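Chains as they are written, first to last, in this note's numbering: chain A, 16 to 212; chain B, 16 to 212.
Simulated from the structure, these hints should not be mistaken for lab results. Please read all numbers here as calculations on a predicted model, not as lab measurements. Hints may be right or wrong, so weigh each one.
The list makes no distinction among identical chains, and a pair is therefore deemed to hold if it is satisfied within one copy or across any two copies.
[Unchecked claim] Computed list of lysine-lysine pairs in DSS-like fashion (alpha-carbon distance at most 30 Å, straight line):
#	residue 1	residue 2
1	Lys140	Lys45
2	Lys45	Lys171
3	Lys45	Lys141
There are 2 protein chains.
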Amino acid sequence: MTQTSIPGYTYGTPQVAPSPISDADFALLKQTVLLGDEDLRHLRAAGEVLGPQVEAILDVWYGFVGANAHLVHYFSGADGRPDAQYLGRVRQRFGQWIRDTCAAQYDRAWLDYQHEIGLRHTAAKKNHTDGVVSTASHIHLRYLIAFIVPITATIKPFLANGGHSAADVDAMHAAWFKAVTLQVTLWSEPYVAPSVF
Amino acid sequence: MTQTSIPGYTYGTPQVAPSPISDADFALLKQTVLLGDEDLRHLRAAGEVLGPQVEAILDVWYGFVGANAHLVHYFSGADGRPDAQYLGRVRQRFGQWIRDTCAAQYDRAWLDYQHEIGLRHTAAKKNHTDGVVSTASHIHLRYLIAFIVPITATIKPFLANGGHSAADVDAMHAAWFKAVTLQVTLWSEPYVAPSVF
Ligand code: HEM
Ligand code: HEM
Chain A
16 MTQTSIPGYT YGTPQVAPSP ISDADFALLK QTVLLGDEDL RHLRAAGEVL GPQVEAILDV
76 WYGFVGANAH LVHYFSGADG RPDAQYLGRV RQRFGQWIRD TCAAQYDRAW LDYQHEIGLR
136 HTAAKKNHTD GVVSTASHIH LRYLIAFIVP ITATIKPFLA NGGHSAADVD AMHAAWFKAV
196 TLQVTLWSEP YVAPSVF
Chain B
16 MTQTSIPGYT YGTPQVAPSP ISDADFALLK QTVLLGDEDL RHLRAAGEVL GPQVEAILDV
76 WYGFVGANAH LVHYFSGADG RPDAQYLGRV RQRFGQWIRD TCAAQYDRAW LDYQHEIGLR
136 HTAAKKNHTD GVVSTASHIH LRYLIAFIVP ITATIKPFLA NGGHSAADVD AMHAAWFKAV
196 TLQVTLWSEP YVAPSVF
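This is chain A alone, in the form it adopts within the complex (with noise of 0.2 Å):
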């Protein structure tokens, strides 16, 4: 988390709903992930070479999005079209995600808000933030889920713009897949059941 003043954003505030993972649940599905130390350096080490670069990532995402019908559909407005404040309100939070991203410390106030991201992604908090009236009540899990591979895809040329030996810059990547999963996983959770997350 870093002080910003983008809108809606509320990483590290009591506005935040605490995650309902435990720290050992946390650490296992890390595990998981493969997510290790060497990750992490990694993961610092994309920091350094994308934060110039948030914008040109920021148009390839959009890019694809506004592209494509059926995922431009779920900034629509009232009227089922392009909410184009809308998608500009977003694009300054998933900017900052980039950067929160490659700086993650994995303690309980990004837990948390990994835990928010989810939710606004679903009915419960889908369009509240920014004040939306849209035709798209949440995001399809598939669609959630799918994205890892556009999000993780897309960042290589990016991560490659370092001046990094191809090696490291595998490792960049790998390390920025790891991460993208481990939170599509935990945002993941407020779609099913407790029992069966």
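Knowing the structure of chain A, use the given hints to seat chain B with the ligands on it.
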């Protein structure tokens, strides 16, 4: 699908219930994981490389599961300890799955079997195929999603064993990643209410 005599492997048979996914929705999902014709070509090449290494790959995956109590738990018998026969029966189908993943035609028979595999990870069908009495009634969704990482990360060295160029190994690996994420996405369907999938 290939003709096999693997116990409990019912791909392409009338015992498999139809997948609820429409062709149109499946096309959008493939588009979302960026899976194109080039990837199919690379998956076929991956199949050539991985085919003779299936047992060695399963050794790695089973080694990982066996080394983690929270994972091997799902293969427990009535006494809560790992059931060697259950592990062995699933292993055969898992080996066939590697071949099927590389040979996938993405037709209705394939989709129906994805639905079946998803169900076999939930309480609806887990333990039924092998007539097992287990203390684990279902695989928790968190690990199903998290497993995208080990199943993707550990395959790379095996892909590199086929004498292909580094660029081709990367392309096969990228295609494998898309194929695995696509399948886990489909398998998540029986975990959630139809409206949120
Ligand atoms: C790997 C998968 C995904 C990642 C990493 C991701 C990331 C994010 C982030 C960081 C935010 C802002 C969180 C905040 O408020 O601080 C967000 C919100 C949002 N995302 Fe995603 N997202 C993913 C999948 C998707 C998909 C598949 C869609 C559908 C197109 C989508 C649509 C949205 C929408 C509409 C919001 C705003 C929700 C609200 O009203 O607050 N996301 N996402
Ligand atoms: C990427 C994620 C995963 C993949 C690709 C995968 C693959 C498979 C395959 C191919 C089968 C056999 C399907 C058939 O019957 O033909 C299977 C069954 C099974 N898997 Fe998974 N699996 C994944 C995640 C997991 C996880 C996280 C666990 C927990 C350790 C797990 C435990 C099991 C068990 C216990 C069975 C037997 C289910 C039954 O009773 O029929 N799987 N899996």
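Taking the hints in turn, this is what the structure says about them:
In this assembly of identical chains, the alpha carbons of Lys140 and Lys45 lie at most 30 Å apart whether taken from the same copy (26 Å) or from different copies (28 Å). Taking identical chains as interchangeable, the C-alpha atoms of Lys45 and Lys171 lie at most 30 Å apart whether they share a chain (22 Å) or sit on different chains (20 Å). Taking identical chains as interchangeable, the C-alpha atoms of Lys45 and Lys141 lie at most 30 Å apart whether they share a chain (27 Å) or sit on different chains (25 Å).
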